[in-house]
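Peer 1: Chain by chain, the residues:
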Amino acid sequence: MFKKLPFILMTLTFVLVLAACGSKNDAGTEGAASNGSGEAATELSGNILAVGSTALLPLVEQAGQKFMAVDEYKNVTVQVQGGGSGTGLTQVSDGQATIGNSDVFAEEKLEDEAKVKELVDHQVAVVAMAPVSNKDTGVEDLTKQQLVDIFSGKVTNWKDVGGADQAIVIVNRPSSSGTRATFEKYALGAKMDDIQGSIQEDSSGNVRKLVAETPGAIGYLALSYLDDSLQVLKYEGVEATVENVEAGTYPVWAYEHMYTKGTPDAATQAFLDYILSDEIQQNDVTELGYIPMSGMKVKRDAAGNVVE
Amino acid sequence: MNNKLKPRRPLKEKHYWEEWTGRIYTSICVVFLIVVMFSIVYFVASKGLSTFFQNGVSISEFLGGKTWNPTGEPAFYGALPFITGSFITTLLAALIASPLGLCAALFMTEIVPGKGKKILQPAIELLSGIPSVVYGFIGLSVIVPLLRSIFGGTGVGIAAGCLVLAVMILPTVTSIMADALSALPKGLRESSYALGATRWQTIYRVIIPTTLPALLTGVVLGMARAFGEALAVQMVIGNAPHVPTSLLESASTLTSVITLSMGNTTMGSVHNNALWSMALVLLVMTFVFVILVRLLERRNRV
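Line by line, the protein sequences are chains P and H. Going by numbering that gives the first Met the number 0, the first residue of the first sequence is number 0, and it counts up by one from there. Going by numbering that gives the first Met the number 0, the first residue of the second sequence is number 0, and it counts up by one from there.
For the record, the hints were derived by calculation from the structure and aren't laboratory data. Owing to the predicted nature of the structure, the values given are computational and were not obtained by experimental measurement. Any given hint could be a false lead.
Stated by the list, open to error - Quick list of in silico lysine-lysine cross-link-like pairs, DSS-like style, CA-CA up to 30 Å:
| id | chain 1 | residue 1 | chain 2 | residue 2 |
| --- | --- | --- | --- | --- |
| 1 | H | Lys65 | P | Lys190 |
| 2 | H | Lys46 | H | Lys65 |
| 3 | H | Lys185 | H | Lys117 |
| 4 | P | Lys190 | P | Lys153 |
| 5 | P | Lys296 | P | Lys260 |
| 6 | P | Lys296 | P | Lys143 |
| 7 | P | Lys153 | H | Lys185 |
| 8 | P | Lys260 | P | Lys116 |
| 9 | H | Lys46 | P | Lys260 |
| 10 | P | Lys116 | H | Lys46 |
| 11 | P | Lys184 | H | Lys65 |
| 12 | P | Lys233 | P | Lys158 |
| 13 | P | Lys158 | P | Lys134 |
| 14 | P | Lys143 | P | Lys233 |
| 15 | P | Lys296 | P | Lys184 |
| 16 | P | Lys296 | P | Lys116 |
| 17 | P | Lys190 | H | Lys46 |
| 18 | H | Lys65 | H | Lys116 |
| 19 | P | Lys65 | P | Lys184 |
| 20 | P | Lys298 | P | Lys184 |
| 21 | P | Lys114 | H | Lys46 |
What the hints assert, rightly or not - Quick list of the computed label-pair ranges, beta carbon to beta carbon:
| id | chain 1 | residue 1 | chain 2 | residue 2 | range |
| --- | --- | --- | --- | --- | --- |
| 22 | P | Glu238 | H | Phe286 | 49 to 57 Å |
| 23 | H | Ile23 | P | Gly94 | 33 to 41 Å |
| 24 | H | Tyr24 | P | Asp120 | 44 to 52 Å |
| 25 | P | Thr285 | H | Val133 | 27 to 35 Å |
| 26 | P | Asn304 | H | Ile290 | 36 to 44 Å |
| 27 | H | Ile290 | P | Leu225 | 48 to 56 Å |
| 28 | H | Cys28 | P | Met67 | 31 to 39 Å |
Said to hold, decoys possible - Over 10 Å on every C-beta distance to chain P, these chain H residues come out as not near it, computed from the model:
| id | residue |
| --- | --- |
| 29 | Trp67 |
| 30 | Gly115 |
| 31 | Gly267 |
Even glycine gets a Cβ: it sits at the ideal position worked out from N, Cα and C.
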């Protein structure tokens with residue numbers, strides 16, 4: 000009896016693994032069976048895998064849950080994974096993922112132009128960023144030039160930009176980050192090199208913690224991460240608010256993209272439409288700190304040109 | 000009589016069957032393991048080497064270059080800051096953790112063998128069960144502010160990194176050292192005591208010298224763990240791609256730069272390949288650590 004135990008356990012493990020692999024399909028058919036009332040013929044079904052940007056992850060995840068709860072889309076499974084914008088774009092253009100989530104235009108990430116042309120851009124929300132500093136710096140407003148001087152290392156003390164006599168500590172994102180790319184492109188206007196002694200963190204929570212606690216620290220965060228522990232800096236005298244972003248007076252923002260390879264299939268299209276529907280845009284999008292697409296009075300293309 | 004004979008035959012066949020299922024099962028597992036191992040090595044090597052052979056980054060620039068700016072024009076792929084960062088943090092962590100681990104192991108095996116082991120061993124095993132994110136967050140919330148208030152500056156840097164790492168590798172170091180010490184033949188201790196040596200003399204003149212290779216194995220394995228640890232270090236070390244000039248200055252390790260950038264780069268780009276090259280460096284270093292451990296074990300036997 001006991002000699003057999005390992006084999007029994009092994010077999011059980013395999014059975015469990017196989018069952019886990021198959022469980023999703025089982026759930027799907029079950030749902031279809033119980034859903035026999037009315038027009039069952041036009042029901043959508045399929046698996047959607049959305050991979051990429053961690054900044055967009057909460058929205059897609061929440062929208063995905065809601066989407067699957069809708070009666071019509073019971074047979075559609077939405078899976079959401081993080082992994083970063085680069086991973087998202089790679090996987091969608093290789094066909095491994097249905098949707099590639101990205102913080103930046105595919106043109107800015109993918110080197111192969113042919114691959115970019117295959118992708119279809121679906122912009123689902125806007126994210127705005129604000130420069131933030133530690134509370135004791137005595138500065139509330141920075142111009143573009145002052146920010147460039149700080150992030151390029153030309154100015155190393157807050158007193159040179161009208162603040163307290165304190166050394167500046169830069170809390171940056173890694174050079175490959177989409178947030179950093181957006182901040183550099185629209186707030187600074189140029190790519191910056193990493194400065195010796197600067198800090199790099201990739202999670203917004205850690206950036207907020209470090210900026211709030213480190214004397215003389217400066218960084219940048221998405222609007223949803225701003226709170227009272229930080230000094231939110233005005234950019235060229237303009238406050239980082241949703242209204243200013245929508246009106247086009249505050250320039251440091253970017254689209255959140257959901258790329259598909261070619262035209263999406265019916266289920267994917269339904270999911271994308273669902274995210275752009277009023278229900279998600281007016282509730283979840285604003286709730287999670289993004290700005291809805293519908294409110295934007297300006298548009299921007301991959302090259303950064305703003306049009307009304 | 001007949002009844003006694005009959006069940007024997009099926010039993011024999013059953014044993015035969017058991018023997019073969021066991022063999023087949025273990026062979027499948029072994030083949031699977033070997034395939035997985037070789038495919039991982041092949042994958043990392045092919046990705047990592049394509050930086051040099053396909054993208055034309057020179058190996059000397061990669062290993063010796065001080066500038067890391069893969070998004071710049073022109074791009075620089077110097078990984079020296081990360082390699083030095085990894086080595087400094089690993090060495091310092093081992094330097095802090097080894098004496099602590101040795102003392103804990105001696106306490107458990109030599110000084111208070113009964114109670115010490117009962118209390119200390121589970122406590123140390125508990126340490127190894129804490130996820131590294133938690134260590135990182137503790138580092139960020141406790142060690143970084145502490146260093147900031149003592150030494151000024153940001154508190155983020157190599158010092159914070161190696162303190163966090165030292166705590167993380169302590170269970171590995173301690174448990175391997177304790178195993179080595181308890182494996183020591185009792186006769187050695189007893190003859191030392193019989194000669195009139197005190198406990199301290201026995202520990203210092205007999206136990207430590209005879210078990211030294213095994214003790215070093217613990218240190219090396221701890222270093223291997225420290226070298227490969229990513230998440231906790233990434234949170235407290237600062238990750239600026241520069242060779243640091245002081246312990247309190249922001250620096251990067253190979254692992255921290257890989258975890259920070261891998262997801263944001265696209266597969267096949269030079270930047271991505273350069274990160275794989277760093278993974279290859281880590282892999283090679285792990286091989287070196289394994290070889291070191293093997294050599295130490297061989298010396299131990301003689």
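Peer 1: Give a verdict on every hint.
Peer 2: Status of the hints after comparison with the structure:
no. : hint                               : verdict
1   : H:Lys65 with P:Lys190              : holds, 19 Å
2   : H:Lys46 with H:Lys65               : holds, 22 Å
3   : H:Lys185 with H:Lys117             : holds, 20 Å
4   : P:Lys190 with P:Lys153             : holds, 15 Å
5   : P:Lys296 with P:Lys260             : holds, 28 Å
6   : P:Lys296 with P:Lys143             : holds, 23 Å
7   : P:Lys153 with H:Lys185             : violated, 67 Å
8   : P:Lys260 with P:Lys116             : holds, 9 Å
9   : H:Lys46 with P:Lys260              : holds, 25 Å
10  : P:Lys116 with H:Lys46              : holds, 26 Å
11  : P:Lys184 with H:Lys65              : holds, 26 Å
12  : P:Lys233 with P:Lys158             : holds, 17 Å
13  : P:Lys158 with P:Lys134             : holds, 14 Å
14  : P:Lys143 with P:Lys233             : holds, 10 Å
15  : P:Lys296 with P:Lys184             : holds, 20 Å
16  : P:Lys296 with P:Lys116             : holds, 27 Å
17  : P:Lys190 with H:Lys46              : holds, 28 Å
18  : H:Lys65 with H:Lys116              : violated, 47 Å
19  : P:Lys65 with P:Lys184              : violated, 34 Å
20  : P:Lys298 with P:Lys184             : holds, 16 Å
21  : P:Lys114 with H:Lys46              : holds, 21 Å
22  : P:Glu238 with H:Phe286: 49 to 57 Å : holds, 55 Å
23  : H:Ile23 with P:Gly94: 33 to 41 Å   : holds, 37 Å
24  : H:Tyr24 with P:Asp120: 44 to 52 Å  : holds, 51 Å
25  : P:Thr285 with H:Val133: 27 to 35 Å : holds, 33 Å
26  : P:Asn304 with H:Ile290: 36 to 44 Å : violated, 57 Å
27  : H:Ile290 with P:Leu225: 48 to 56 Å : holds, 51 Å
28  : H:Cys28 with P:Met67: 31 to 39 Å   : holds, 38 Å
29  : Trp67                              : violated, 8 Å
30  : Gly115                             : holds, 35 Å
31  : Gly267                             : violated, 8 Å
Going through the hint list in order, the structure does not satisfy hints 7, 18, 19, 26, 29 and 31.
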